[in-house]
Amino acid sequence: MAYQQLPPSVPVTVEQAKQASNVARQGGVGCGIVWLAGTALFTMVKAFGGIGFGTGIILLVLWAIGLTILGVALLPQIRAWKITPPEIDVSREAVRLGESFDFRYYQAFKDRLDLDFARVEFFMRETAIYRRGTDTYTETHEVPVYTKEIPRGSYRAGDHLDLSHRFTVPPDGMHTFLGSNNRIEWLLRVKVSIARWPDVNETYPVRVLPERFEQGYEAPYTGRVKDV
Numbered sequence: 003m004a005y006q007q008l009p010p011s012v013p014v015t016v017e018q019a020k021q022a023s024n025v026a027r028q029g030g031v032g033c034g035i036v037w038l039a040g041t042a043l044f045t046m047v048k049a050f051g052g053i054g055f056g057t058g059i060i061l062l063v064l065w066a067i068g069l070t071i072l073g074v075a076l077l078p079q080i081r082a083w084k085i086t087p088p089e090i091d092v093s094r095e096a097v098r099l100g101e102s103f104d105f106r107y108y109q110a111f112k113d114r115l116d117l118d119f120a121r122v123e124f125f126m127r128e129t130a131i132y133r134r135g136t137d138t139y140t141e142t143h144e145v146p147v148y149t150k151e152i153p154r155g156s157y158r159a160g161d162h163l164d165l166s167h168r169f170t171v172p173p174d175g176m177h178t179f180l181g182s183n184n185r186i187e188w189l190l191r192v193k194v195s196i197a198r199w200p201d202v203n204e205t206y207p208v209r210v211l212p213e214r215f216e217q218g219y220e221a222p223y224t225g226r227v228k229d230v
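Following our numbering from start to finish, the sequence shown increments by one per residue and tops out at 230.
Quick caveat, the hints were computed from the structure, so don't treat them as lab data.
Predicted model only: the values in this text are computed from it and were never measured.
Any given hint could turn out to be false.
To be verified - Dumping the calculated SDA-like pairs for lysine to any residue here, alpha-carbon to alpha-carbon at most 25 Å:
| no. | residue 1 | residue 2 |
| --- | --- | --- |
| 1 | K193 | T170 |
| 2 | K150 | L99 |
| 3 | K193 | N203 |
| 4 | K150 | T170 |
| 5 | K112 | D161 |
| 6 | K150 | L115 |
| 7 | K150 | G100 |
| 8 | K150 | R198 |
| 9 | K193 | L163 |
| 10 | K193 | G135 |
| 11 | K193 | P207 |
| 12 | K112 | E151 |
| 13 | K84 | R121 |
| 14 | K193 | H162 |
| 15 | K112 | G155 |
| 16 | K150 | F124 |
| 17 | K150 | S195 |
| 18 | K150 | H167 |
| 19 | K112 | P207 |
| 20 | K150 | P87 |
| 21 | K84 | I152 |
| 22 | K84 | S102 |
| 23 | K150 | P172 |
| 24 | K84 | S195 |
| 25 | K150 | S102 |
Hey, can you work out the whole structure from these sequences and the hints?
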């Protein structure tokens, strides 16, 4: 099976995933502002002629939708009141089968917070799309490789959350592949749960090449992770 490059619309590196996430959040903020502005204008127009019960319900729903869109888009800024935005890096843009890479995820606490858990999972996801009659089905299967977890605990200002780890791609694994009906993806999934604060659930792709890593040969690094 020949290696196929993922299309430009699909993030293939952690940096591209972060950029796509930032663009999506900025778009969410813009959408929320436009929605609320339109709702405010509609409310003012209706206010001149009187707002009935039915119209009032519609307006409440419109305001709720706009505030929800804006709130979700602003979640990173809300978290930043108590904990710094995460510093995320990987030591290689692409890795070979059997090769190791360094993943860095670091945050500093600005105030006292209670951590429920924090974990980073490295896994392979296989996706198969098939048709049965006129229906299309999608099946996914995840193969865990390694999970680093930080247990529950209380943190004070100045403490830090560090999920950094060196992961290794299994030498007998399958390289990254995207076909019309089948997909092989290697992913890092970060989950952080802090009591009474919005959870973090982000996934970052790792591009795995069809080559096998040979001991004694090191490909050049593209931004080695520095220890904090």
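How the hints compare with the structure:
1. K193 <-> T170: Distance ~20 Å between K193 and T170 Cα, so the pair holds.
2. K150 <-> L99: Measuring from Cα to Cα gives roughly 21 Å; hence the hint holds.
3. K193 <-> N203: holds (5 Å)
4. K150 <-> T170: holds (13 Å)
5. K112 <-> D161: holds (8 Å)
6. K150 <-> L115: holds (20 Å)
7. K150 <-> G100: Within the cut-off at roughly 19 Å; holds.
8. K150 <-> R198: holds (23 Å)
9. K193 <-> L163: Holds: K193 and L163 sit about 12 Å apart, inside 25 Å.
10. K193 <-> G135: violated (38 Å)
11. K193 <-> P207: holds (15 Å)
12. K112 <-> E151: holds (21 Å)
13. K84 <-> R121: holds (19 Å)
14. K193 <-> H162: Within the cut-off at roughly 16 Å; holds.
15. K112 <-> G155: holds (15 Å)
16. K150 <-> F124: holds (9 Å)
17. K150 <-> S195: Satisfied, since the Cα-Cα distance of roughly 14 Å is no more than 25 Å.
18. K150 <-> H167: Holds. K150 to H167 sits at ~8 Å (cutoff 25 Å).
19. K112 <-> P207: Judged against 25 Å, a Cα distance of about 29 Å means the pair is violated.
20. K150 <-> P87: holds (20 Å)
21. K84 <-> I152: holds (19 Å)
22. K84 <-> S102: Status violated; Cα separation ~33 Å.
23. K150 <-> P172: holds (17 Å)
24. K84 <-> S195: With Cα atoms ~13 Å apart, K84 and S195 stay inside 25 Å; holds.
25. K150 <-> S102: holds (15 Å)
Hint check: violations occur at hints 10, 19, 22; the rest are consistent with the structure.
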